[in-house]
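Visitor: Each chain is listed here by its residues.
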Amino acid sequence: GAMAAAGLGLVLLLMAGPSPGGGAGCGRDSLREELLLTPLPAGDVAATFQFRTRWDAELQRGTVSHYRLFPKALGRLVSALGVKELHLALTQGFWRTQMWGQPPLQAPAGAELWVWFQPTVTDVDKAWKELSNILSGIFCASLNFIDSTNTVTPTASFKPLGLANGTDHHLLRYAVLPREVVCTENLTPWKKLLPCGSKAGLAVLLKAERLFHSSYHSQAVHIRPICRDASCLAVSWELRQTLTVVFDSFSSGQGKKDWSLFRMFSRTLTDACPLASESKVYVDISPKNKEKELLEVTPAPTSVHEAIVQGEKRTYAVYDLLSPSLFNTSRSLNVQLKWARPQDSSEMPTPILHAQRYVGGYGLQTGQICTLIHNTHPYRAFPVILLETVPWYLRLYVHTLTIITKGKENKPSYIHYQPAQDRRRPHLLEMLIQLPANSITKVTIQFERALLKWTEYPPDPNHGFYVSSSVLSALVPSVIAMKDVDVEQSPLFTSLFPSSDGSSYFVRLYTEPLLVNLPTPDFSMPYNVICLTCTVVAVCYGSFYNLLTRTFHVEEPSRGGLAKRLANIIRKFRGVPPL
Amino acid sequence: QIQLTVPVAVVFAPGAMPGDLLKPLPFRDVREMEIPVNQRTSVASRYEMVFRSTTAQEEAALDATTAQEADAALHPLQDALLGSLTMYVVPETSSLLPQGITAYVGKHRSALVRAGGHLAALRTRLQQVTQVMSFTASSIAAAFMDRVPDGQLGLDARRHLKSSLGYEITFSLLNPDPKSHVVDWDIEDAVNRYVQPVLDKLSLVANFSVDSQILYYAVLGVTPRFDKESSSFLLSAHSLPHVINPVEARLGSSAASLYPVLNFLLYVPERSHSPLYIQDKDGAPVRTNAFHSPRWGGIMVYNVEAPTSPEVSLPRHVDVDMVRVMEVFLAQLRLLFGLSWEELPPEFLLETPGNEGLADWELDRLLWAHTVENIATVSTTLTSLAQLLDKIGNIVIKDDVASEVYRAVASAQSAVAELAEGHLHLAFQASKEAVTSSERAFFDPSLLHLLYFPDDQKFAIYIPLFLPMAVPILISLTKIVREARQRKKEPTKMD
Chain A
1 GAMAAAGLGL
11 VLLLMAGPSP
21 GGGAGCGRDS
31 LREELLLTPL
41 PAGDVAATFQ
51 FRTRWDAELQ
61 RGTVSHYRLF
71 PKALGRLVSA
81 LGVKELHLAL
91 TQGFWRTQMW
101 GQPPLQAPAG
111 AELWVWFQPT
121 VTDVDKAWKE
131 LSNILSGIFC
141 ASLNFIDSTN
151 TVTPTASFKP
161 LGLANGTDHH
171 LLRYAVLPRE
181 VVCTENLTPW
191 KKLLPCGSKA
201 GLAVLLKAER
211 LFHSSYHSQA
221 VHIRPICRDA
231 SCLAVSWELR
241 QTLTVVFDSF
251 SSGQGKKDWS
261 LFRMFSRTLT
271 DACPLASESK
281 VYVDISPKNK
291 EKELLEVTPA
301 PTSVHEAIVQ
311 GEKRTYAVYD
321 LLSPSLFNTS
331 RSLNVQLKWA
341 RPQDSSEMPT
351 PILHAQRYVG
361 GYGLQTGQIC
371 TLIHNTHPYR
381 AFPVILLETV
391 PWYLRLYVHT
401 LTIITKGKEN
411 KPSYIHYQPA
421 QDRRRPHLLE
431 MLIQLPANSI
441 TKVTIQFERA
451 LLKWTEYPPD
461 PNHGFYVSSS
471 VLSALVPSVI
481 AMKDVDVEQS
491 PLFTSLFPSS
501 DGSSYFVRLY
511 TEPLLVNLPT
521 PDFSMPYNVI
531 CLTCTVVAVC
541 YGSFYNLLTR
551 TFHVEEPSRG
561 GLAKRLANII
571 RKFRGVPPL
Chain B
1 QIQLTVPVAV
11 VFAPGAMPGD
21 LLKPLPFRDV
31 REMEIPVNQR
41 TSVASRYEMV
51 FRSTTAQEEA
61 ALDATTAQEA
71 DAALHPLQDA
81 LLGSLTMYVV
91 PETSSLLPQG
101 ITAYVGKHRS
111 ALVRAGGHLA
121 ALRTRLQQVT
131 QVMSFTASSI
141 AAAFMDRVPD
151 GQLGLDARRH
161 LKSSLGYEIT
171 FSLLNPDPKS
181 HVVDWDIEDA
191 VNRYVQPVLD
201 KLSLVANFSV
211 DSQILYYAVL
221 GVTPRFDKES
231 SSFLLSAHSL
241 PHVINPVEAR
251 LGSSAASLYP
261 VLNFLLYVPE
271 RSHSPLYIQD
281 KDGAPVRTNA
291 FHSPRWGGIM
301 VYNVEAPTSP
311 EVSLPRHVDV
321 DMVRVMEVFL
331 AQLRLLFGLS
341 WEELPPEFLL
351 ETPGNEGLAD
361 WELDRLLWAH
371 TVENIATVST
381 TLTSLAQLLD
391 KIGNIVIKDD
401 VASEVYRAVA
411 SAQSAVAELA
421 EGHLHLAFQA
431 SKEAVTSSER
441 AFFDPSLLHL
451 LYFPDDQKFA
461 IYIPLFLPMA
471 VPILISLTKI
481 VREARQRKKE
491 PTKMD
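Read top to bottom, the protein sequences are chains A and B.
Okay, so the first sequence: first residue is 1 according to UniProt numbering, each after it adds one.
Okay, so the second sequence: first residue is 1 according to UniProt numbering, each after it adds one.
Warning: the hint list may mix true and false statements.
Unchecked claim - Coverage of chain A stretches by chain B, computed from C-beta distances (three or more under 8 angstroms per stretch; other residues unrestricted):
1) 406 to 418
2) 521 to 535
3) 540 to 547
Unchecked claim - Some chain B residues near chain A, calculated using beta-carbon distances under 10 angstroms:
4) S172
5) V210
6) S212
7) Q213
8) L215
9) Y217
10) G221
11) V247
12) S257
13) P260
14) E305
15) D321
16) V323
17) L349
18) Y462
Hints were generated in silico from the structure; no laboratory data involved.
Every residue gets a Cβ at the ideal spot worked out from N, C-alpha and C, and that includes glycine.
Could you put the whole structure together from the sequences, leaning on the hints where they help?
Guide: Here it is as structure tokens:
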């Protein structure tokens, strides 16, 4: 009764527009936790955790201040700074799309932050600065290094993922710090945001020493407003905390590709988080060999679920931790997979869209950035948006931009270029490129390396300077027709990006970050110069001083010095009178 | 030199006038007192008393049967100026005050004082009441906290929160065992009902923001001891300091603001550790089962009653009795703000502040102390800025920083002047501005640049020049010394 009344009050408030005070009470909140285990070729295993907190409350109005499952630190941030949508990812390593296939949620190496602000925010840059500083405090990351030199406002690549009526891109800020190293100190605050911490539920598996002993580690926080119900009259806020790790079970398992939860995380699951309304483990058991046999996992799953995810038909074994039958036989759940024939060549079909990037050229003056975008779809062409952010000290020459597909020039249908300003803002290049079926498109652009001031070099300048990953966003046509699957049933990873129609799905890919060497001065030179000139000055001074202060005596000729004696000995031999 | 002026109106009810009154009413009288803080600083307090007799309305109001009623009736007749006090002197035989009570302090800025024969006796009584209602030597000394030598301040003084422009109040419910207990608290309603009236009153002093959170699996840092006799768990007083640290890591700092945070934690012990009681130093259980940590906040342990039958299914649903909890938290809030009724003579009666949780004169007390503390803070901040400049000579003070410093000095001076005039509200406003300006000047980012070379680095750069140049000079110096010595020796030989 009380709940319904509060809900009604909220609806009335929304209709009446902003009113002071307000009775926007704390609404219902719920937590769902999930773990998706995907065996990758070559014995790697990807584990993706997702914790989704949903809160039926109006965070924006600033009157709500009573938190339950939603972390207070983030909630206050959203309401204080007028954040509409926040996406933060901290990543160590690189997701090898070509080998591992399409990731559920990829993130570029280092730290990535993109935020949509509310239209009510007047000074977006100030709010952005403040936000990145606060986030850097919350997550112990160097996000405070985000400033105007690495922040861009993309026009097409990043659209709001949540509820939004206007997409004025001036309210968007995007920044990547490719240098950021992600480690335990970032994981601990991330875990602290979970309602159950790492004490119960799936989060007990999050043991830092195992998670960072992996090929890829990416943790992310996504906050967005979503529809409360189908009629979408009210807003709910959703916090997704995702964490993806790729374990190399082949090298850690003495040449065997078998894996189990215990071997990967050195823990097993014993219960669900008591606060979660849903707690599930999904294992991708899609057939890998030609006989189309499903993989076998032990213990027997509670159910098997089929879904079409990213254009592929997948089969999942589902363990529902809340079902009482699961813990009947044993007290803990240790999902394991033993390959029937270890020599199984589990070849991953190459993903339809993937890309590589590298730096070309030689010498320290000019160079070029090459991006190769592959479309392996047999018969469908599709457009892709490419976003490049290049720091100002690489001076791009836009006239050298060439896009070549199958030997012919490919004209982008949309191009947005914002030139850099020295020490103020980076280059931003956004293009919409049509990728013909079964093709490789090569995008090259030349640049010149700028000279920095001596204080602008990092402590290890010879390591090189990072250029952040470029971002590819595309609606990739599906090879098989996609049915309208129940999104709530399939692993939640599908539901962050809005799925359009049944024929295509959204993919966002990141290329490798680049490491570019800049001409680096010899930093010991000033001191060397000082030493050298000072020595010269000192020697001159010394002799001049001697000249001025010495008193000169006329010395009686003595037996002579060593030279004279030597000369006399020689003279003696020669028979000449001595000196 | 700070002078605090308190305007006091002393109103004599008919028949309450002492016999030895020299002048006819009305007349003015000024009392001055010196409050020493340390050897160099002292604060002068000045009580400007106006003695007059009651007006007809006041007389009617004083005809009430109880002191409470009289207080309520007198309230609209006073001027509501902050810091000014009104004392009604009632005849010695008046039935308004209960037997044995000589003074009654009301909810607002007035008190009823029983006349006591001579003027001198009345004066000391008035003095006492005035000090209770405005400031005492110890409350002023506490405001000068960082200048008072250690050991001179009582424990209470160190408990007070520092004066700040705003405070954040966070209520946290700690549920370490969500499997056994599902705890619900209606914090929103409780805050609106009990906390908000107090904060509305305190809004004059600072900005307050209130929020709450529920933390699961948050445990105390110490394992309680099991007591067989009472079959309960006990936390002894000496282990309480270790309780807070592990919890604090979970509380989440106030990332979005710089104001100090007051934490109030409600701890529902795990099923395996309940019931849990806090013991004081003597080993007796603490009645409220709560304790507070100076300048940090308070913790209350809320025990869930053991189920009557063991087969009650888990988790158990618990609804927190917010009245019981808020009673404790509000008392702790008062303590943290230094509003405790210590050092009160037994013959004084204080009216309970009622629903607002705070009497008007208590607000004045807070304002007096905070104003003085703000002025002290400003002077400390500016002094340290000056010391920093003395130390590192090549820091550049930009114009805007300089103007902030000037503004801080001007505001502090006007605060001092307003205090001397007895305008408490204006003085407090000015002192607040002074604090803001001085902090802004001190924490200006342009002062924090690390581009100031320390002197030893400069020295290192110049060594390659100075060292080779110094060698011939030193050699010739030794030569001169040697020659001088020889020349000294030679004449003695001649002798």
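Visitor: Of the numbered hints stated previously, which ones are contradicted by the structure, given in increasing order?
Guide: 1, 10, 11, 13, 14, 15, 16 and 17
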